[in-house]
Amino acid sequence: MDSYNSYSMAASYNVRKAKEVKQRYGRKLESQLQQSDSRSLWQGLRTITDYKAPTSAIDANAKANANVIANAKANASSCRQEENANTENAFIISEHDVRRAFRRVNTRKAAGPDGISGRVLRACADQLAPVITVIFNLSLIQSVIPTCFKESIIVPVPKKTHPASLNDYRPVALTSVVMKCLERLVRDFIISSLPDTLDPLQFAYCPNRSTDDAISHLLHTSLTHLDTRKGNYVKMLFVDYSSAFNTIILSTLTTKL
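Residue numbering for the sequence shown follows our numbering, starting at 1 and increasing by one per position.
Heads up, some of the hints might be wrong.
Stated by the list, open to error - Straight-line Cα separation of at most 27 Å, DSS-like style, residue types lysine-lysine; simulated pairs:
#1 Lys180 x Lys52
#2 Lys109 x Lys159
#3 Lys230 x Lys256
Claimed, not checked - Beta-carbon label-pair distances, calculated as ranges:
#4 Val155 x Tyr205: 58 to 68 Å
#5 Leu174 x Val131: 35 to 45 Å
#6 His162 x Lys230: 16 to 26 Å
#7 Leu219 x Ile145: 23 to 33 Å
#8 Asp212 x Ile153: 27 to 37 Å
#9 Tyr51 x Arg103: 40 to 50 Å
#10 Ser40 x Ser143: 15 to 25 Å
#11 Val186 x Arg103: 15 to 25 Å
#12 Cys206 x Tyr241: 12 to 22 Å
These aren't lab readings, by the way, just hints derived from the structure by calculation. Glycine is no exception: its CB is placed at the ideal position from the N, C-alpha and C atoms.
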């Protein structure tokens, strides 16, 4: 009889706890659907519908195609025109800046060839900041990027659901997260040093702006022009540069800035 009572109490406890867990999980899904964050909304919908992204079939010549994509990206990078570095205007990065950059790292980003993930940088920011600060400043003073920071893993990301050729892939380079932190620190310094001459219609790489703002501005301007007078029309020209970032002439960019 005592065994039966113990079993009944344990069974009731398990049923009650399972009900509480289900209710808590249901509230979590509801909160994801009610948030304005698109990522949380999508995660909630994907969980409810058990959605799984379709996977593309692996090409028999996947290794050869990967080498072609990697070589193309490497050749494009080698076409850049470099100039002798000027170390007179090198700025100094503080340990506080490095620590803050590590704590702002997105932990969802994939690690580079060095295997150092964003989660490690955020968790160990206080311990790593002093050492990495010295490396960053030596790199800036000597105008030399460590080889391990320049290495990358090329991942071919399909542009279409069923890619048919190499042009249907976008080569994405996974670089060191530590190097990305250095790039952000240098970017912030450059932006703060530039005069207020940036194009007001530049939406990419600007704080509090995105490509969605560019689309909204384009639609507003076009619709306003169409509504101004009957018979008005709009012509648009969209230009897409292939490997635009890999073919930038740095000397020309510096002159423009």
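**Message:** Please verify whether Lys180 and Lys52 have alpha carbons no more than 27 Å apart.
**Reply:** Not satisfied, since the Cα-Cα distance of roughly 30 Å exceeds 27 Å.
**Request:** Note whether the CB distance of Tyr51 and Arg103 lies within 40 to 50 Å or breaks it.
**Result:** violated (33 Å)
**Asked** Measuring from beta carbon to beta carbon, are Val186 and Arg103 in 15 to 25 Å?
**Response** holds (18 Å)
**Request:** Quickly compare the C-alpha distance for Lys109 and Lys159 to 27 Å and report which way the hint goes.
**Result:** holds (20 Å)
**Message:** I want to verify a distance hint. Is the separation of the beta carbons of Val155 and Tyr205 within 58 to 68 Å?
**Reply:** violated (22 Å)
**Distance restraint evaluation - Cys206, Tyr241, Cβ atoms, bounds 12 to 22 Å** = Roughly 19 Å apart at Cβ, these two residues keep to the hinted range, so it holds.
**Asked** If you check the beta carbons of Leu174 and Val131, does the distance land in 35 to 45 Å?
**Response** Hint violated: Cβ distance 23 Å, outside 35 to 45 Å.
**Message:** Tell me if the beta carbons of Leu219 and Ile145 are separated by a distance inside 23 to 33 Å.
**Reply:** Given range 23 to 33 Å: violated, Cβ gap about 41 Å.
**Asked** Does the structure keep Lys230 and Lys256 at a Cα separation of 27 Å or less?
**Response** Between Lys230 and Lys256 the Cα gap is close to 41 Å, so the pair fails against 27 Å, i.e. violated.
**Prompt:** Given a hinted range of 27 to 37 Å, is it respected by the beta-carbon distance of Asp212 and Ile153?
**Reply:** This hint holds: roughly 30 Å between Cβ atoms.
**Asked** Given a hinted range of 15 to 25 Å, is it respected by the beta-carbon distance of Ser40 and Ser143?
**Response** violated (43 Å)
**Item:** Consistency of beta-carbon spacing, Lys230 to His162, with hint 16 to 26 Å
**Value:** Violated, at about 45 Å.
Hint violations for this structure: numbers 1, 3, 4, 5, 6, 7, 9, 10, all remaining hints satisfied.
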